[in-house]
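Undergrad: Sequence:
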Amino acid sequence: MSRPRPRPRPRPVTKSSTASNAGPSKSTSTTPVVEDTDEMFMRNSSRNFQTFRQIDQRNKELKKQRDEDSEDDSDASAEVKRKGKKRTKSPSWSPPKKKARRIPDIDLTLSDSDDDITFLEAGPAGKRKQKTRPRSRSRSITPPPALPEHQIRAVRSVIRQAYEENKPNADDEDDNMYADRTMDSITLDPELRRIANQAKLQRESSQPAEADEQIDITVRWKPHPLNQAGQPSTSDFRIGRNDAFHELFEAVADEQCIPIENVIITYKDRRIFPSSSARTFEIWGSATFTACNKNTYEYLRDKVNAQQPVEDQDAGDDSDRIEILSDDDGGGGGENTEDWGRQASLAPSQADDDGDKFKLRFKSASTQGEITLTVRPTTTCGAIVKAFLKKAKLEDQYPHLFAAASPQKRGKKAAPVKNPKLSVDGDTMDASAPISEADLDDGDLVDVVGL
Numbered sequence: 011m012s013r014p015r016p017r018p019r020p021r022p023v024t025k026s027s028t029a030s031n032a033g034p035s036k037s038t039s040t041t042p043v044v045e046d047t048d049e050m051f052m053r054n055s056s057r058n059f060q061t062f063r064q065i066d067q068r069n070k071e072l073k074k075q076r077d078e079d080s081e082d083d084s085d086a087s088a089e090v091k092r093k094g095k096k097r098t099k100s101p102s103w104s105p106p107k108k109k110a111r112r113i114p115d116i117d118l119t120l121s122d123s124d125d126d127i128t129f130l131e132a133g134p135a136g137k138r139k140q141k142t143r144p145r146s147r148s149r150s151i152t153p154p155p156a157l158p159e160h161q162i163r164a165v166r167s168v169i170r171q172a173y174e175e176n177k178p179n180a181d182d183e184d185d186n187m188y189a190d191r192t193m194d195s196i197t198l199d200p201e202l203r204r205i206a207n208q209a210k211l212q213r214e215s216s217q218p219a220e221a222d223e224q225i226d227i228t229v230r231w232k233p234h235p236l237n238q239a240g241q242p243s244t245s246d247f248r249i250g251r252n253d254a255f256h257e258l259f260e261a262v263a264d265e266q267c268i269p270i271e272n273v274i275i276t277y278k279d280r281r282i283f284p285s286s287s288a289r290t291f292e293i294w295g296s297a298t299f300t301a302c303n304k305n306t307y308e309y310l311r312d313k314v315n316a317q318q319p320v321e322d323q324d325a326g327d328d329s330d331r332i333e334i335l336s337d338d339d340g341g342g343g344g345e346n347t348e349d350w351g352r353q354a355s356l357a358p359s360q361a362d363d364d365g366d367k368f369k370l371r372f373k374s375a376s377t378q379g380e381i382t383l384t385v386r387p388t389t390t391c392g393a394i395v396k397a398f399l400k401k402a403k404l405e406d407q408y409p410h411l412f413a414a415a416s417p418q419k420r421g422k423k424a425a426p427v428k429n430p431k432l433s434v435d436g437d438t439m440d441a442s443a444p445i446s447e448a449d450l451d452d453g454d455l456v457d458v459v460g461l
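Under our numbering, residue 461 is the last one in the sequence shown; the count climbs by one each step, no gaps.
Among these hints, one or two may not hold up.
Distance windows between CB atoms, simulated [said to hold, decoys possible]: (1) Ala164 with Ala209: 41 to 49 Å; (2) Leu198 with Pro284: 42 to 50 Å; (3) Pro269 with Asp366: 15 to 23 Å; (4) Pro242 with Pro154: 32 to 40 Å; (5) Gly379 with Asp199: 42 to 50 Å; (6) Ala297 with Ala164: 27 to 35 Å.
For lysine-lysine, the following DSSO-like pairs were computed, each having C-alpha atoms within a straight-line distance of at most 30 Å [said to hold, decoys possible]: (7) Lys367 with Lys400; (8) Lys210 with Lys232; (9) Lys369 with Lys400; (10) Lys403 with Lys431.
In case anyone wonders, no lab produced these hints; they're calculated from the structure.
All C-beta atoms in this analysis are idealised placements derived from N, C-alpha and C, irrespective of residue type, glycine included.
With the hints as extra help, turn the sequences into a complete structure.
TA: And the structure:
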């Protein structure tokens, strides 16, 4: 800060001496006397102190008028400076006011875990360090422990019982569908009325007795011959004659604590599948089944296969692998061309494909009724025709199909022979083609032509 400049001092007044000025001209010079020291610095000597006071008073009035105009008119000139708001002084007894502190900018970022959210400051840290919540550990991905076997069996039994209680019956649905229809409201011709009465009598005489029949089944468990700790066991079951054996397989699997896929059940050296029923095997009253593990079944099959002569095995003839279940003419119902030894002679891969078997019904103009055969999708149509002829006892009429092909002799041309073939929806199947090419379902009817 600079110091103020000092004012110049006025010149001193010197008194004129009369002795020095005495001369022949006798002329004297007079010097004006300064009443006020400030008058020496004033250029306009016509203005005095009162004049400057009036000028100041006029300036104050103009300034006050300008302030009033700026308050009334919001669009006044920017050169007029607005008066600042006067701050009222707080009383002495009031507490001192705290100075406002600026809050630093905060950057909100999410952590890796969606459950824990932390606020991370991007600005400079203050005096007191902000406490952040520690990040929690991530959720464990360890799988839960395996359930014990007895709990799994208990849950299966509860679900099976609940499913059986709520399972709808097809016969009940059919009865409810036509419950509101009575013969009294329908007028039929005499011939149709006679047919309806015969159907009603036949239904009342046969259907209730067959539907209510229960079959007592005894299942004997056969352990592996090489397992010294294995013990045979016997279990009794009661199922409906038309019910599938799926529940029987599940019950045996639960008792032996093995998967249902490893359970093998046979009846009179014939393998039973879960989709079949007692009616399929013509079982009445009671029956005894033999059950074993899949490894035991393969071991016994290989053992019988090793003891069987090689000459008895015909690997090229697929007709031995076809099961003839039943026919409608009553001739040989339930007959099977495969015995336990023939089943054991199959290859392991063929035995594993037993679950792909399905039943087909065959008829021809030379036979009466229908013949039911159980075949595999890979069985050729020629092998099925041979099995059909064997069942119908017509193999003597077609020896060329069963005998080996002999070389043709020279000479007279032989008469043409008949080759029976399968016909599906009017299309004749080739003898070397598999039956799967016909795209048939279980229970379909196939015609045998060319007899």
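Undergrad: Would you mind marking each hint as holding or not holding in the structure?
TA: Results for each hint:
| no. | hint | result |
| --- | --- | --- |
| 1 | Ala164 with Ala209: 41 to 49 Å | holds (47 Å) |
| 2 | Leu198 with Pro284: 42 to 50 Å | holds (44 Å) |
| 3 | Pro269 with Asp366: 15 to 23 Å | holds (19 Å) |
| 4 | Pro242 with Pro154: 32 to 40 Å | holds (37 Å) |
| 5 | Gly379 with Asp199: 42 to 50 Å | violated (31 Å) |
| 6 | Ala297 with Ala164: 27 to 35 Å | holds (29 Å) |
| 7 | Lys367 with Lys400 | holds (20 Å) |
| 8 | Lys210 with Lys232 | violated (47 Å) |
| 9 | Lys369 with Lys400 | holds (17 Å) |
| 10 | Lys403 with Lys431 | holds (16 Å) |
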